[in-house]
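Please put together the full structure from these sequences, using the hints given.
One line per chain: the protein sequences are Y and F, in this order. Counting along the first sequence from 1, when you hit position 32 you're at 32 in my numbering, and nothing is skipped either side. Counting along the second sequence from 1, when you hit position 166 you're at 166 in my numbering, and nothing is skipped either side.
Treat the hints with care, as some may be off.
A pair counts as met if it fits within one copy or between any two copies, since identical chains are not told apart.
Unchecked claim - Calculated lysine to any residue pairs in the SDA-like style (CA-CA distance at most 25 Å, straight line): (1) 200 with 71; (2) 129 with 140; (3) 353 with 155; (4) 200 with 77; (5) 200 with 9; (6) 129 with 143; (7) 156 with 98; (8) 129 with 85; (9) 353 with 81; (10) 129 with 81; (11) 156 with 96; (12) 123 with 337; (13) 123 with 151; (14) 197 with 229.
These aren't lab readings, by the way, just hints derived from the structure by calculation.
Protein chains: 2
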Amino acid sequence: MEAHSQALPHIVVVGAGFAGLTFVREFPPELAVITMIDAQNHHLFQPLLYQVATAGLAAIDIAQPVRGVFGARPNLRVVMSRVSRIDLGARRVHHERGELDYDYLILAAGATTGYFGNSDWEKCAPGLKSLDDALRIRRRILCALERAETESDPAKRASAMTIVVVGGGPTGVELAGAFAELTHTVLHRDFDHIDPKQVKVLLIQGGSRVLPAFPEELSASAQRQLERLGVEVRTGLRVESIRDGELTAGGETLRADNIIWAAGVTAVPLARTLGVELDRGGRVKVLPDLSVPGHPEVFALGDIAAITDVNGVVVPGVAQGAIQMGRHVARLLVRELRGEKLAPVGREPFAYKDKGSMATIGRSAAVAEIGRMKLTGYPAWLAWLAVHLLFLAGFRSKLFVLLQWVYSYFTYRRGARIITGTSGESSAGSA
Amino acid sequence: MEAHSQALPHIVVVGAGFAGLTFVREFPPELAVITMIDAQNHHLFQPLLYQVATAGLAAIDIAQPVRGVFGARPNLRVVMSRVSRIDLGARRVHHERGELDYDYLILAAGATTGYFGNSDWEKCAPGLKSLDDALRIRRRILCALERAETESDPAKRASAMTIVVVGGGPTGVELAGAFAELTHTVLHRDFDHIDPKQVKVLLIQGGSRVLPAFPEELSASAQRQLERLGVEVRTGLRVESIRDGELTAGGETLRADNIIWAAGVTAVPLARTLGVELDRGGRVKVLPDLSVPGHPEVFALGDIAAITDVNGVVVPGVAQGAIQMGRHVARLLVRELRGEKLAPVGREPFAYKDKGSMATIGRSAAVAEIGRMKLTGYPAWLAWLAVHLLFLAGFRSKLFVLLQWVYSYFTYRRGARIITGTSGESSAGSA
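This is how it looks when you write it as structure tokens:
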């Protein structure tokens, strides 16, 4: 609780992801005092998180300290603390180190891995939403190969050399492709007793095709490209249970030391503390202007918001959606604070502009849909590379990521395959 | 236990540090089968470890996967496993996943942080010997500043903003200088409620001057350079006790959330399983040829060995010493295996060649002694930079480290200040 020494309104932004960061970037510093709060001290470039999990990039290549993003911007305060609950009536945010009163609230706390009610699967099949997740997955898989190298029991060795990715959306496809590349091409000469080319990478998809949000021909192409890399793609297979090192799907039981869950996300539990209506995914059902019903001073943005936009488009949980929402709300609030419009009457509804979708599968392998254009293989990969490098703008790491990629491309070696953290399955991160 | 399909002798190398790595590099692949075993999967460039702890470099910038170092070298096997004990009589190495019989043993397992019998200090004052140590220190300090930012109790805030480095050797000097730079220049605009320039960095040295192994004039210069960076140097102050967030030295009690121990190392506990004579630092007292008394087939190299060389020089525990020992033993064994000499008669004694010592203090601040030449300030720093970049040869990261430094130099921002791992004091690593 602190007094701000001016009559400026106080905006609290919960979450330093794409939505929250864009809002702050687009909002003029002189119009309000902003407090940005996040449990992490960094903004994460989520689209490349799978590269950290598969030893392609270092953690810091895709993370940027929140305090560093805005430099000496006036009227901005950054708090690293976990928000525990929000009291919409009292206009107060409670966090683990205190509380914050707000005039406006930007709720952009994102999503977390969702297990459809099977929360006990989490321990055996980690998801990929944070840097710690990525580092844990990387450590687990590298350690499993080390175990395989000295294991004399063939069944145990086979299990250590099996990677199962559950979920055929973009994250699952990207992970499976990158694991296949890592084991089959990067590490293939590194071991003596095992042949990493024999590592089995399985991609399990409940639906009838991978990348269901893409056109059918791109799904088919993605599957072919995955198979060319050595991934075994199993569609129409629903997971029934996951135990430690064991997965049952379609009545069949698979032994695998490495099971990764990429089959779903759900809004962060914080949404449930609001006392407003949520959708099945735990997301806040917002009004067309992205405000929370009954609370014109509260906006939900990004993955925590459920919205069908003014044109009837269900806004997907991707970086573009979050960025556009951040921009939209910044614009709305600026107008209101300048007295141009009165909330909530006549607020402009949010309209999502689909800039296309892409998924990368491996070196020179990807699919992309940009407007009416459908790309596969090398051209799709080049498009993906260009877009992601452009988006990394502002990161110290743009240059480094580019160099790292160019280096990897020509040498097929990966520098990030360092195991840190106690070599077991502890829950903390690594490098 | 495995049969090797040839009459070649089997050499087991314990430890992938400078000594072990140099031995393997210098040893011709056709003369013996080598098994290299290490609990970590990476070789660590220890001289730059303090840069990871102070958010200057990423963990992977200074680590290299052991399996990647030698590529497809024949007759080499790498095992990632912790060695638990060595049976010199049976010529057998026991590790957590099995055992290895050897014809020759190269014991290069290094050193660990030593607390002079006060092992309970370890929890409150971590040392700096591994990547996990460095990442833990980095996380602790960054988290302490985040706590300070929201802390209203002045005493608690002051404690969160105090960093005490115990030990005025090169590691302590480098850490203290880098912490001062990080807080006083890099982070100084990042916070709203606290001023990182107010962070108190204390360097405590039991002896009468810092860098006691250097000439007196360089010690004096180092202290001046540290003080210019804002480090408070306290010499002649012996630590009496360390509790959580509290340190007593010279009868005075200091409150500090961040206490780093850089006051001593001791050989790894493995040395004690040998049943041979050790020195006060737990190191193996080797013969002039670096072999273990009574066991001409066993050599101790690097920080695990205690030796006064043939010229009466006590070999210091630095990378150069380890590298020269690795080279010496490789040369000895090659001759013996080729039948040129018979062990242990007439083996050439080890002679250490001092190539100079350096310690860096900060940006453009260092001291160096090379032969009769004594450098301080900018020239010393340039020399330090050149030597360290040369030594990084073979690392993927040479180029990246260089770019990172150039970037930091011109921008004074650091990309590595990312907090990963559960934000508390857990014992596992981060990024």
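Those earlier numbered hints the structure runs against, lowest number first: Violated hints: 3, 5, 9 and 12; rest satisfied.
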